[in-house]
Structures are given as C-alpha cells and as structure tokens.
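> These protein sequence lines are chains A and B, in that order.
Under our numbering, think of the first position of the first sequence as 1, with each following residue one higher.
Under our numbering, think of the first position of the second sequence as 1, with each following residue one higher.
Careful, some of the hints might be misleading.
Quick look at which bits of chain B chain A covers, simulated, 3 or more residues with Cβ under 8 Å [unchecked claim]: (1) 68-78; (2) 178-190; (3) 246-255; (4) 278-292; (5) 388-398; (6) 471-480.
Covered by chain B, per the in silico footprint, the following chain A stretches (three or more residues, Cβ under 8 Å) [claimed, not checked]: (7) 278-285; (8) 466-479.
Derived from the structure by calculation, the hints contain no laboratory data.
Every residue, glycine too, gets a C-beta built ideally from N, C-alpha and C.
Chain by chain, the residues:
Number of protein chains: 2
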Amino acid sequence: MTVDDVTPLPASEIARWDDEADVVVAGFGIAGAAAAVEATRHGADVLVLERTGSWGGAASMAGGFIYLGGGTPIQKACGFDDSVENMMAFLNVAMGPGADEKRIADYCEGSLDHFDWLVENGVVFKPEFFGEPGWEPMGDQGLMFSGGENSYPFNTIAMPAPRGHVPQMSNKVQGESSAGYMLMKPIVETATGAGARALYDVRVQRLIVESDGRVVGVVARRYGEDVAIRARRGVVLAMGSFAYNEAMVAQYAPRIAGRPAASIEQHDGQAIRMAQALGADLAHMDATEVAIFIDPQQLVRGVLVNGRGQRYVAEDTYPGRVGQLTLYHQDNTAYLVIDGDAQEEAMASLSPQMMMRPASWVCDTVAELEAEIGLAPGSLQATVAAYNAGAANGEDPLLHKKPQWLRPIGTPVGAIDLRDSTGGFTLGGLLTSLAGEVLHVSGEPIAGLFAAGRCTAGLAAWGYASGVSLGDGSFYGRRAGRSAARA
Amino acid sequence: MTVDDVTPLPASEIARWDDEADVVVAGFGIAGAAAAVEATRHGADVLVLERTGSWGGAASMAGGFIYLGGGTPIQKACGFDDSVENMMAFLNVAMGPGADEKRIADYCEGSLDHFDWLVENGVVFKPEFFGEPGWEPMGDQGLMFSGGENSYPFNTIAMPAPRGHVPQMSNKVQGESSAGYMLMKPIVETATGAGARALYDVRVQRLIVESDGRVVGVVARRYGEDVAIRARRGVVLAMGSFAYNEAMVAQYAPRIAGRPAASIEQHDGQAIRMAQALGADLAHMDATEVAIFIDPQQLVRGVLVNGRGQRYVAEDTYPGRVGQLTLYHQDNTAYLVIDGDAQEEAMASLSPQMMMRPASWVCDTVAELEAEIGLAPGSLQATVAAYNAGAANGEDPLLHKKPQWLRPIGTPVGAIDLRDSTGGFTLGGLLTSLAGEVLHVSGEPIAGLFAAGRCTAGLAAWGYASGVSLGDGSFYGRRAGRSAARA
Chain A
1 MTVDDVTPLP ASEIARWDDE ADVVVAGFGI AGAAAAVEAT RHGADVLVLE RTGSWGGAAS
61 MAGGFIYLGG GTPIQKACGF DDSVENMMAF LNVAMGPGAD EKRIADYCEG SLDHFDWLVE
121 NGVVFKPEFF GEPGWEPMGD QGLMFSGGEN SYPFNTIAMP APRGHVPQMS NKVQGESSAG
181 YMLMKPIVET ATGAGARALY DVRVQRLIVE SDGRVVGVVA RRYGEDVAIR ARRGVVLAMG
241 SFAYNEAMVA QYAPRIAGRP AASIEQHDGQ AIRMAQALGA DLAHMDATEV AIFIDPQQLV
301 RGVLVNGRGQ RYVAEDTYPG RVGQLTLYHQ DNTAYLVIDG DAQEEAMASL SPQMMMRPAS
361 WVCDTVAELE AEIGLAPGSL QATVAAYNAG AANGEDPLLH KKPQWLRPIG TPVGAIDLRD
421 STGGFTLGGL LTSLAGEVLH VSGEPIAGLF AAGRCTAGLA AWGYASGVSL GDGSFYGRRA
481 GRSAARA
Chain B
1 MTVDDVTPLP ASEIARWDDE ADVVVAGFGI AGAAAAVEAT RHGADVLVLE RTGSWGGAAS
61 MAGGFIYLGG GTPIQKACGF DDSVENMMAF LNVAMGPGAD EKRIADYCEG SLDHFDWLVE
121 NGVVFKPEFF GEPGWEPMGD QGLMFSGGEN SYPFNTIAMP APRGHVPQMS NKVQGESSAG
181 YMLMKPIVET ATGAGARALY DVRVQRLIVE SDGRVVGVVA RRYGEDVAIR ARRGVVLAMG
241 SFAYNEAMVA QYAPRIAGRP AASIEQHDGQ AIRMAQALGA DLAHMDATEV AIFIDPQQLV
301 RGVLVNGRGQ RYVAEDTYPG RVGQLTLYHQ DNTAYLVIDG DAQEEAMASL SPQMMMRPAS
361 WVCDTVAELE AEIGLAPGSL QATVAAYNAG AANGEDPLLH KKPQWLRPIG TPVGAIDLRD
421 STGGFTLGGL LTSLAGEVLH VSGEPIAGLF AAGRCTAGLA AWGYASGVSL GDGSFYGRRA
481 GRSAARA
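Same shape as in the complex, but just chain A (with noise of 0.2 Å):
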C-alpha cells in the first residue's frame, strides 16, 4: 500500500482491527466536532480520527462566522427582521447559479432550530451589530452583514438581514485568538463530554469495504503505521476541502491554483478521493470563496476599475463578493483608485490594520494616473467623471453603491495595484443527501458512508457569503451524525 493510495480496502483483507466503535468521525474541525456531539447523542459509540495533534481544523482559526438567519435572537435583539423565506430568496441568488436549492431550504428551515443547538452546546453570541465595514467585527460583536445583503443587486431582492452570527470573544486580542476558537471549543467540549473518544495524529487513509459494499471501517497511518479502525455503523468524512492539493485544484478549480488562502494544509481532498474511489459523486468542484486582499474601509471609498478602467461592482458589498468578481470575471486584476483624503479616512479607522494598503500610485490628476497605471488614454478619466458626476447628486446609476459612500474622487489621486491580490478555498466536494449519507452516480447512498464540510458540495454553487462554510459544516455534520448514529 503506498501512502497516497485510495482504492479502498476488502474487509476480508483485515486480519486485525486495531480499534472501533459504533460511528467513526475522520477529522475533527466544525463537521467532525457537530457529527460526534449528535452521534453520541443518539446513542453510539463515536470515534473521532483527527490528522494533527489537536482538534480545530480550518474552523479553529477562522473568523467563526455561522449564517444564520430567519429571526434568530441575535438577529432580533439588534433591531433586524427576517424570515425562513427572506433568507432562501437571498440565498438562492447570492449561492447560484446552480445553487442546490432544496439544500438551500432545508438549511433556511433549520436555522432557528440550529442556532438554538450552538447556544445549548456553550456557543456564546452577543446580541450586538456591528455596521463598519470590515472582514470580520473589530471587538466583540455577534452580528454582521457577511454576504452583500444590504448591497445592490441583493438589496432589492430580498429584506436585507444581517446573518453572520460570530461567537463572543472573551479578552479578544487581535492575531492571538480567533471567534473560530470560541466556536470549536465548546463544540468539541460538547462532544468528548458526551463520551466520544477522539485520537490525534491519526491520518484516515483508504476506505474499508465488505463485499456487498457496505463502508464498515478506515485504515489510517498512525506513527508511520497502518492501523485499521472498524465502524460498526459507519464513517462520517469530515476532513476538508481540496484547496491544497495541486493536482484536484488544476483538474477542478485551476482559476485559485498557487493562491490557496483561509485553508489550512491537511486540506489535501482525500475524503473525496477515497470516496470517489468508491463511485461517489461530486458537485461544484469549480466553486470556490475568495478573498480580495485589502481593507473594506479602504474599498467603501475608492472606485474599483479592472484592466479596462471600467467599474464592475459596488464597491460597498461583500468583499468577498469583490473577490470572486475579481479573479474570475476581470482576469484577477483591479485598481482601486482612492484619494488622498479618503485613503487617510481609512487608514484612522479602527479596522485592523492587516489588509490596509498603501496606495502603489499617486498623482495630481486622474489623466496621469491613468497613465501611470498603464491604462487605455480616457478609459479611466471617463469612469471617474461619471462617478463624479453621479456622487455629487448622491447617485450611482451604474453600479448603486450605497449614498453614504458616495463622494466625488478628489485629488492627489492615488490607485492601490490590486492584480494578483486574491486567495481562497475550494467549495466543491462529495454530493450527499440532505441526511449527510454519501451518494454513488447512481443516485443511492453508499452504505455505511456519510460526510460534511468543506470535504462535501454545500450551499454555495457559484457564489459565496462568510458563515456559510461553518454554517453548512455544523448543520449537515449534525445530520451526518445523525445519519450514521442510526444506520
């Protein structure tokens, strides 16, 4: 057997089980933790088999954003409505086009119930909104807009709802700690509270199959030995995405190759492979989240241009949004042209100062600038006349970007050289039913074979807001739990 092989394993080849348990949980992020709290729950025996030497994953060092939404508390006690239908109708839009959207409204018609299952499990969410434009809230506050839905197109296709619920930090210090963290932690205490047994430094490798086909256990690397782990009533695949693996990422999702970003390395698409290798299907494997590398506070006031000098999206919307536009619909290149007033009125700002950027242009006018740049004579000079024009009436007829933002390009003139200035992670994965059981080409699950995460087709197709990773992970990793609790 070679390390990288996927072909699954025959059951009659297992001369002897090293270990075992009723439900055994590859991988120990947000999937893995919510699998293992709801397995136990319904009685089994749960075995988590996490790569590293500790619980976390992607999920532990991320912003922590869940979305959530139809009237959650939080959303309540800021002052905001919305509804089960309000939150599909943006979602069905802002996760497509060929977002799944019987997945999109079972997850809207579970939120509350969901939210409720964090804050049981020791989730702890202050009921306060944060409305500064930013990644991520600058302290301690538990509600964010995450996905653009308060900006144009979505603000006039559905209520706009903040929905990015972030777990309260307590001392938060910037860099030292992470609202993922506080996600996770309770997550996990939850699930090993409840008896599940977890093993650290343990590489899940190759499936094990009876001769009927039924999934009844791993072989994984241990130590730089193989030991095979029996599941008496199933595997659940909770190991992440393919962001890190360069052959899946050239095949699947070439567009994000050598940019992998808000990803950690284990996240190397073996789950998929393994399951693949069993006949699994797939979706959206070219789906990915990605992130444009500078501050909001600085986007809210420029005007972003492409290689052609034109706009292409209202700067004030999610950045992330910003991003995907970006790298796929403008080649990944894009300048932010800001004065010099508002480039200062950002950098005073409290957003941390990581993603700020230092303008890579200056100038007296908008007609050197543009040469400066490199960009085709009047093609840029046309766009910031026009936003000028538009800003002094408090308009923006091309692009509707919010009046608060809107002020006339004064001079000197700066641009922040944004080409080449995104990242993220793959979003495509095994296609499962809405009870996390993996599904083979030929529409049936897999016997004995569920998943959730990142390592699993979620909610977004072609599209994305923050909270949904974690938000998807957590719902469908119950569900997967669940699933494999009762099979």
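Given the structure of chain A, go ahead and fit chain B onto it with the hints provided.
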C-alpha cells in the same frame, strides 16, 4: 437492473455472452470511428455499438473543423507559416487557465502526422483559405482562423496562423450537408472496410468487471432487451458529452443549464457515470464551448457592450470566445451597437443568413438608444464616444480590434439585444492518460477501460477554438483504439 443504473456488473453474474470482440467501442461518432480504425489496424477484432440508427454522432452534424497546425500542407499552400511551438504557445493560453500543457504539447507534436492520417483515410481538405468573418467557411474552403489566433490578445502571444481545417464538401448545399459528415464518412468507411463490425440501436449502459477490477465487457440495451457483450482486450468509451444530462449540468456546469447547442440528445453523460462508478477521475467538468447567436459579419461591424454599457472584448475575435466571455463574465447580457450602414453591409454579405439578427432598437442618437435599452445614463455615450474617437484614427486602444473593422458609429444607430443569446456544450469528462486509458482516482489506469472524445477532458479547460473537439476526439480516439488493441 433499472435503465439508469450505472453500477458495474460482476462478470460472474453473466450467464451468456450475446456477442464478443477483442475491442468493443461504445459510440460511433468521431472518437469511436477513429478508435475502430486504429484498433482494427493493430490486429483487433472490433465491434462498435451505436445507440442511434446510424454512425455519425454529433460530429456528422458539426461544422467539421479539425484543429491542426505546425505547418500542414494546407497551411503552407495557403501561405501561412506555423510551427509546433507556435501552435503550443497559442493553445496554452487560449485553452486555459488550467489547460493541460502536457496534453497540448502531445497534440501539437502529433498534429502533422494526424493530418496525414486523416488524408490517407480519405478526408479531403481543399487548399484554400477563407478570411471573412464567419462561424464557418461560406464555400468549400479548407482553412480558416477558428480560435481568434489573429486577434487580440492572441496575436501578441503567438504568430497568427489559421488552424481550422475543414473537410471539403462536394456540391455544398446550405443546410443539407455538413463538413462534419464529410469527415465522418471516410473514417467510418475505413473502419468498416478494415473489418470493424457495427451494431446500431444498442445503448451501452453498464460495464462488466472481473473480480480483479478489469473491465471485460458491457451490458447494453437493444430493442428493449439487455445484451451482454464481451470485450476480450478492452472497452473504448466514445459516447459524447453530458450536455443533455440535466442533473450533471446542474452539478458541474450550471451556467450552461437550459442552453445546450451544437450537441445531440444522446449526450447524456452515461459513459462518464459508468466509469465514475468504477472510481474513474474527472477533469474540467465546468468547461464549456459557448456559441453566441449572431452572425460574425455583424459582430465585427458593431460595438459590443455589457449590461453596464462597457466594451469587454474585441468584436473581431473568434465568436465562440465572445460567447464564453458573455455567458460567464457578463452575466449572459450583451448588446451589439451597430449603425444603419454597418447593418446593411452585414446583411449584404455572403454570410448564411441563419444567424443574422435585426436591430432590436433603432434611434437617432446614442443618448436615445442608451435610454431605450435602459443602460445607466451616460454609460453607452461614453463608450461610443471613446470608440469613435479611436476609430477616426484607426485605433482601438481599449481592446485592439483590427483597424480594418474600425469605423466610427454613425446614425441612425441601432442595437441588437443579445441577452440570453448563447448556448453550447460541455467539455469536461473522464481523466485519461495520453494513451487513452481511463485513470482511476489513485492515478493508475483502470484495466481494460479506454476513452476518447467529449466524454473525456481534452485540450480545453477554460477556453476553446472550433476544431478542438473533433481534433482531440479523433486524435485520442486513435490512441484509445490502439491501446485497447494492445491490451
């Protein structure tokens, strides 16, 4: 067994073989025909199973382009220089991002040999160049630019050489014959002349595997009955794309949903699913060819703008590129601004009038047209003003349209509504070796299983040129046939 079941059948369950051959080829389009020729020539007894009542597939209804270069006799006779390196330089950019450089190099290096093979097998190319804008030659000319090789940006990356080789039609009658037919006929006759047998109305549905995983036959449906057909050396899948499989399109290429074109209903993805059920790997499932439904004689004479009134592509490039950029990057929204003189000139051209479009709006001024279309005030006016200023000097600094097509937009000025005016077919599929072996997700070939044509991932990732599908289908069809015969 249900009709849609794709799960492989153990050979031990086959009571009786209804037919057998050394090599069984599923599908009698271009890839299957090429495979049949080469397999018979390499000593194999060959049986081709075709789902419809006749050979041909999508190929026989196509424009018949084969993408060939590196200095073919036709290129030389028409006065064009080309080289393997030059062809590779173009394809590496035009088929990307994510295009497989090794496959492109392999294809380019074999291109001259492949030209000879086609000619030896009876395909006739007339050594005459067609240089007018168009989707295909208007007459029986044998050579045409087919991927924007002579347009920006490709004309700055490689020396422009036309590579769309078109089989000659005798007595071409519009709509009654196709160059694709003139490609298919001699190849099919070569295959059958060499001894390949063909069965029609046979729909291949499942693979039959030995206990060691080797593919040893297929189960097919014929006149309502299942038949088992043994393949002593190998099975070659050549069953076309998944453009007509709605579920697969939704999972992998949702942008093309509801708009298949240049494809046939038999393209239901069955080959891909049968092989996936054995653990076959996939690639570039999101890639699609895209046509835009307008005559290129109109395109080159107009100014193409998106929903923001902005230009985004040189109007004189490969119209399939215009289609891809419109569907994927401009939200399938475009308007072609064209003045009265230019529209008349296009209508008077020798172009077949099938795709010639009337103006959707006609106005006296661009300002009025902008309002009629509903574009943001000033947006189209700025675009046309900039275009006209450049055109007056024979320049297009924004997009580098060729001077011969630059003429200021006059009055009356119209626009052709090109919203939702695209369609196309899928380009992704099974991952194969350069020898045509279907690769398992472990990276190893699946014993006894070969594939070519549009059920495989070929040269194109995100990008296309006419002739690439018949090109890689015939090229790797030959490889697959040879590999199967030698297995």
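> Where does the structure disagree with the numbered hints, that is, which hint numbers, in rising order?
1, 2, 6, 8
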